[in-house]
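Participant: Protein sequences appear in the order of chains A and B. For the record, in the first sequence the residue sitting at position 146 is 146 according to our numbering, with numbers rising by one throughout. For the record, in the second sequence the residue sitting at position 259 is 259 according to our numbering, with numbers rising by one throughout.
Hints were generated in silico from the structure; no laboratory data involved. Among these hints, one or two may not hold up.
Below are the DSBU-like pairs computed for lysine-lysine, each with C-alpha atoms no more than 35 Å apart in a straight line [stated by the list, open to error]:
hint: 1; chain 1: A; residue 1: K177; chain 2: B; residue 2: K144
hint: 2; chain 1: A; residue 1: K92; chain 2: B; residue 2: K350
hint: 3; chain 1: A; residue 1: K196; chain 2: B; residue 2: K350
hint: 4; chain 1: A; residue 1: K92; chain 2: A; residue 2: K196
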Amino acid sequence: MGNWQSQTDEQIFEAFRDGDPDAYRELIERHHDDLLRFLTRMVGDRAAAEDIFQETFLQIHISAATFDISRRFRPWLFTIAANKARDMLRKKNRRKTVELSAPIRKSEPGASFIDLLGVDIPAPDEALDLAQRDEQVQRALDQLGPALREVLLLAYFQRMSYAQIAEDLGIPLGTVKSRMHSAVAAFARSWQVVSKDHDKSA
Amino acid sequence: MPIRDDQSSSSNSANQQDFELSQADRETIDRIFGSDPESFIAESDRDHAILNLLNLLDSPVASELHKPTRLDLIQLLAARLESAPDTQPQLSSADQQALDQYIDNGYDTNQVQPEFESRAIKCDQIGEAITSSVHDANPGLVEKTLATIQVHIDQEEAAMAMAASSGRGAFSMRWSDLISIAAILLIVASVTMPIMSGVRSKAQKSLCFDNMHAVANAFGLYAGSNRDMLPMATAGFGSTWMDVGSTPDRSNSSNLFTLVRTDNADLDDLACPSNPNAATGEMEPGAWDWNSLAEVSYSYRIMPPGGMRASAIAQPMGIVLLADRSPVVLRVANRQPIIPEENSPNHQGKGQHMLMLDGSSRWAQSPVFESNDNIWLPRPIEQVIHQVRSKLGIMTGSELPDGPTDAFVGP
Numbered sequence: 001m002g003n004w005q006s007q008t009d010e011q012i013f014e015a016f017r018d019g020d021p022d023a024y025r026e027l028i029e030r031h032h033d034d035l036l037r038f039l040t041r042m043v044g045d046r047a048a049a050e051d052i053f054q055e056t057f058l059q060i061h062i063s064a065a066t067f068d069i070s071r072r073f074r075p076w077l078f079t080i081a082a083n084k085a086r087d088m089l090r091k092k093n094r095r096k097t098v099e100l101s102a103p104i105r106k107s108e109p110g111a112s113f114i115d116l117l118g119v120d121i122p123a124p125d126e127a128l129d130l131a132q133r134d135e136q137v138q139r140a141l142d143q144l145g146p147a148l149r150e151v152l153l154l155a156y157f158q159r160m161s162y163a164q165i166a167e168d169l170g171i172p173l174g175t176v177k178s179r180m181h182s183a184v185a186a187f188a189r190s191w192q193v194v195s196k197d198h199d200k201s202a
Numbered sequence: 001m002p003i004r005d006d007q008s009s010s011s012n013s014a015n016q017q018d019f020e021l022s023q024a025d026r027e028t029i030d031r032i033f034g035s036d037p038e039s040f041i042a043e044s045d046r047d048h049a050i051l052n053l054l055n056l057l058d059s060p061v062a063s064e065l066h067k068p069t070r071l072d073l074i075q076l077l078a079a080r081l082e083s084a085p086d087t088q089p090q091l092s093s094a095d096q097q098a099l100d101q102y103i104d105n106g107y108d109t110n111q112v113q114p115e116f117e118s119r120a121i122k123c124d125q126i127g128e129a130i131t132s133s134v135h136d137a138n139p140g141l142v143e144k145t146l147a148t149i150q151v152h153i154d155q156e157e158a159a160m161a162m163a164a165s166s167g168r169g170a171f172s173m174r175w176s177d178l179i180s181i182a183a184i185l186l187i188v189a190s191v192t193m194p195i196m197s198g199v200r201s202k203a204q205k206s207l208c209f210d211n212m213h214a215v216a217n218a219f220g221l222y223a224g225s226n227r228d229m230l231p232m233a234t235a236g237f238g239s240t241w242m243d244v245g246s247t248p249d250r251s252n253s254s255n256l257f258t259l260v261r262t263d264n265a266d267l268d269d270l271a272c273p274s275n276p277n278a279a280t281g282e283m284e285p286g287a288w289d290w291n292s293l294a295e296v297s298y299s300y301r302i303m304p305p306g307g308m309r310a311s312a313i314a315q316p317m318g319i320v321l322l323a324d325r326s327p328v329v330l331r332v333a334n335r336q337p338i339i340p341e342e343n344s345p346n347h348q349g350k351g352q353h354m355l356m357l358d359g360s361s362r363w364a365q366s367p368v369f370e371s372n373d374n375i376w377l378p379r380p381i382e383q384v385i386h387q388v389r390s391k392l393g394i395m396t397g398s399e400l401p402d403g404p405t406d407a408f409v410g411p
């Protein structure tokens, strides 16, 4: 077994391609937490996220020969995972039934513009009940459309620049910016609604 | 456009002609309804304005107002505005600049200009909230993932072993040539196959089964409006029905694609979740076929010249209309030796869904029926295979080289 700690993802991937049997396990273990969190946030369902997690690593294994080793491994991994999650959501949404008589949500007064300074987002160590906060974050994310959710998660999980996101998603830079602005605004708004609902019910 | 206020002397229809949308507005509305309106992302002021107006149309109406006064109307409008569904919120200009600086500086709040720092910290907190989670890690998932991959490796190795031992590259793509080499293939197949078993996601299988139901409906709809005919792109094929995409209106998949082209099915209905190359989403405008064999998830009954009537068969429950994609066609296209009894690759070789002509669907662990009818092959090839098998049988370990010039090695 190699001493993986000092090695980059790309070096480990190269070792895997050279036939080291432990290298691929190391890659899966190394990205397990982040990728599973990303997928859970993306599809809103832990079991589905685990399925997509497996499919993603299988896909990477199958496509190993096509990977350009001069590029970074992690963006490739997350892009494949995001594609699979998007397909799964599309499939799920296609079968979603719509309740025509569903009540129309009351809008927040003056809510068309968001001022982030007015949004209260507690840091993890301030939150009393982490599980509750986690669930609130998921509910707030679920309110976003898939396209906004994807750009928001890809950006934050990978700390990607606008240019990298544009390249990964194959959309113009200007669109990435305005989509990211919309995504942050939409998340801040739905966070406000979700946390207000929670305060009321508490 | 000006709004005239002389309704008393004009009919309603005359008034309606005064209101006309600008070209840009018309295009925006087309874009909203051309995409999924629920996920439409407003990117300009015009987008926002039109979304706001459309949302007003969704608001409830106070139907109890009998004789509305001016005050009633103002209150009604106010109520409508109040109850309009949420429109897409926008970041304030300062927040936009803060977010841009924060991202452009590698998500580091310390690198942002001082006047934007407090806003950038909010952006950072959002990231922290989204990326952290209290879910426990699942150590079993790593093992499960490795097991799934191992099954795939086993399958690949089995396929490669067969290709190598049968003489790689010696095979033509023509059916007539396949018949002549059937003997070699069959011996190899009976010695090394089948190894196809292992883990497969139940979710994928179930989604695939859902597809069968959706496609059954699509066939019914198509036949209902096409004199009971099954989908057919053109009256016949080109040189081969296997040439997916290259001769788009002449492959058998273009016959199946007719369901999508005529809007009776979605591309997603014909995409097996376990086919990584399956085409999904919107059909490319003007398309008649999938782009390549890899994109095709299901194999459709080869249509005879002139097509086939759904009601023409006396026992439709025994006729396979559609199945998970054929491994035999894939191997032929990849110049690999065929394995007649191999299951579809869609479900890791465990079996295949089949949609029958009577609209029922089933899961079969073998492509061969009790009647010995193999769904991947036409009867003449099945007969040749049967003859070769009955003549040669399988290798028993007692065979010897056929003379000094016959190359033949053992374990």
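Participant: For each hint, tell me whether it holds in the structure or not.
Facilitator: The hints, checked one at a time:
This hinted pair does not check out: K177/A and K144/B have alpha carbons roughly 38 Å apart, beyond 35 Å. Annotation: proposed proximity of K92/A to K350/B holds, straight-line Cα distance about 25 Å (limit 35 Å). The hinted pair formed by K196/A and K350/B fails the criterion: a straight-line CA distance of about 50 Å is larger than 35 Å. The suggested pairing of K92/A with K196/A holds, with an alpha-carbon distance near 29 Å, which does not exceed 35 Å.
Violated hints, listed in ascending order, are 1 and 3; each of the other numbered hints is respected by the structure.
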